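Novice: Sequence:
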Amino acid sequence: STPPTGSPTKGPSDVVTTYVPGDLTVSCDKTLEGGPNLTLSTGLACRLLSTRGQRIQFDNGAQSSVNMHTRPDGATVIPDYSDGGWFYMSNAERGNNNGLVGALRFNSTGHLIEYKKHLTTNRNCGGGRTPWNTWISCEENTDAGNCHEVDPNTGFTQQVRVTDKGGNYESFAYDDQDTTAPGNTRYFVTEDSSDGALIRYTPTANAYTAESNYTILNTTGGTHEFLILVPDALDPDAGNFSWTADRADGESNAGQIFPNTEGIDCHNRILSFVSKERKMLFTLNLDQGTYIESSTLAGLFDLEPDQLGRVVGDAEILYFAEDGEGECDIHGRDSTGQYFTIVEDDNFYNSETSGLAFSPDGKFFYVAFQDDSNIVVFWRTDGLPFNGVVADTRYHTVR
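So the sequence shown is numbered by our numbering: it starts at 120 and just counts up by one.
Keep in mind that the hints were calculated from the coordinates and are not lab data. Note that the structure is a prediction, hence the values are computed from the model and not measured. Glycine residues also receive a C-beta, built at the ideal position from the N, C-alpha and C atoms. A few of these clues could be false.
[Said to hold, decoys possible] Across the chosen pairs, the derived CB separations fall in these ranges:
1) K235 with N156: 27 to 33 angstroms
2) G456 with P198: 48 to 54 angstroms
3) K236 with T334: 22 to 28 angstroms
4) N216 with S414: 35 to 41 angstroms
5) I389 with A263: 42 to 48 angstroms
6) T339 with S184: 37 to 43 angstroms
7) G481 with A367: 38 to 44 angstroms
8) N359 with S184: 52 to 58 angstroms
9) S413 with G340: 19 to 25 angstroms
10) A181 with G481: 38 to 44 angstroms
I would like the entire structure built from these sequences, with the hints used as guidance.
Specialist: Dropping the structure here:
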């Protein structure tokens, strides 16, 4: 595999597939000199990119002019239009106007080449990527939290209107296949509160008429609606759903059924989100108006589900970060609904895992271990992308 002091590189496409998600056999200290004690699935390697209170070392021998931000949380990857690389956009969950977004820039081969900071905000927790490749950073700041848009390619930032009032906002997603909405797109925001309503935001048609995409989430006249789940009388783990303009009804429904929502993902008209409090994954079929819920408790996945990340291809997997007291790992759930652990924390961090994101080519995925501000990059030693075929899978038993 790639030496621990060098950057991960793309492997040949004709090698034998060796990645076995859930088969925890690889000690990270064999591939990451001086790094954290992690156990990886067979066929993975990793490298440490950042540490709290230290400047970031670039792969050309230079270093950043500022220290790595503390308490990294939600993240995404945005394409870099200048050279075919990408930006890893990482929130800082700090108060007292010390919240921000840090952008780690990689070139097209995955080498780390730059680090910049954006925004001056509070407790930037989760967020999500827009269809036009900007980052929405959400503040989890009681009744003062808002959502902000950051474009790492231009440096542009603004507060956006995807929420109707201040709150403990967590994550953002979009559905760009809704033919009933202006621009065929609606936007969703979760809130990490005991009665945090799940918001559906629909911009006005006028928001799509300007030349700049920056107007889409910041034009007046959009509507905010709130999720209502109605469990089936015979099957409490399934039911129907609707949207209401009454926030109080949405908050009441959330408090009863899906309190403290965090990660959210939408793909092919399937909206998935997690309730941290109930340790449940909710899956909504946006075409049919139905939903199912399922426990995330399985094997080593025994704490609180946090952020979600999806990789689609020959192996379609929904990845989970984990929060709570104790070892926080990285887990996966495949299209059959079965769970497995990708990366296990071997009593090293006991810290929230967050910032789960994949490079545009699917070759690398990034995770933040929050307390030490450690960003770690993982890659397959067979050189294949994470959405490629896998050799096998080792599953958990759901408890």
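Novice: Does 19 to 25 angstroms hold as the CB distance between S413 and G340, or does it fail?
Specialist: violated, 38 angstroms
Novice: Mind checking the hinted window 27 to 33 angstroms against the Cβ distance between K235 and N156?
Specialist: holds, 31 angstroms
Novice: In this structure, is the beta-carbon distance linking T339 and S184 contained in 37 to 43 angstroms?
Specialist: Check passed, 39 angstroms falls within 37 to 43 angstroms.
Novice: Given a hint of 42 to 48 angstroms, does the C-beta separation of I389 and A263 actually sit inside it?
Specialist: Since I389 and A263 have Cβ atoms about 33 angstroms apart, the given range 42 to 48 angstroms is violated.
Novice: For the hint 35 to 41 angstroms, verify it against the beta carbon of N216 and that of S414.
Specialist: Hint holds: Cβ distance 39 angstroms, inside 35 to 41 angstroms.
Novice: For A181 and G481, compare the CB-CB distance with the range 38 to 44 angstroms and indicate the outcome.
Specialist: 28 angstroms Cβ-Cβ, so the 38 to 44 angstroms window is violated.
Novice: Looking only at beta-carbon atoms, does the pair G481, A367 fall within the given range of 38 to 44 angstroms?
Specialist: Holds, since G481 and A367 (Cβ atoms, about 42 angstroms apart) stay within the stated range.
Novice: Measuring from beta carbon to beta carbon, are K236 and T334 in 22 to 28 angstroms?
Specialist: With a Cβ separation near 25 angstroms, K236 and T334 satisfy 22 to 28 angstroms, so the hint holds.
Novice: Against the range 48 to 54 angstroms, how does the distance between the Cβ atoms of G456 and P198 compare: consistent or not?
Specialist: Given about 32 angstroms between the Cβ atoms, the range is violated.
Novice: Note whether the CB distance of N359 and S184 lies within 52 to 58 angstroms or breaks it.
Specialist: For S184 against N359, whose Cβ atoms are near 54 angstroms apart, the range 52 to 58 angstroms holds.
The structure fails hints 2, 5, 9, 10 (numbered hints given earlier, in ascending order).
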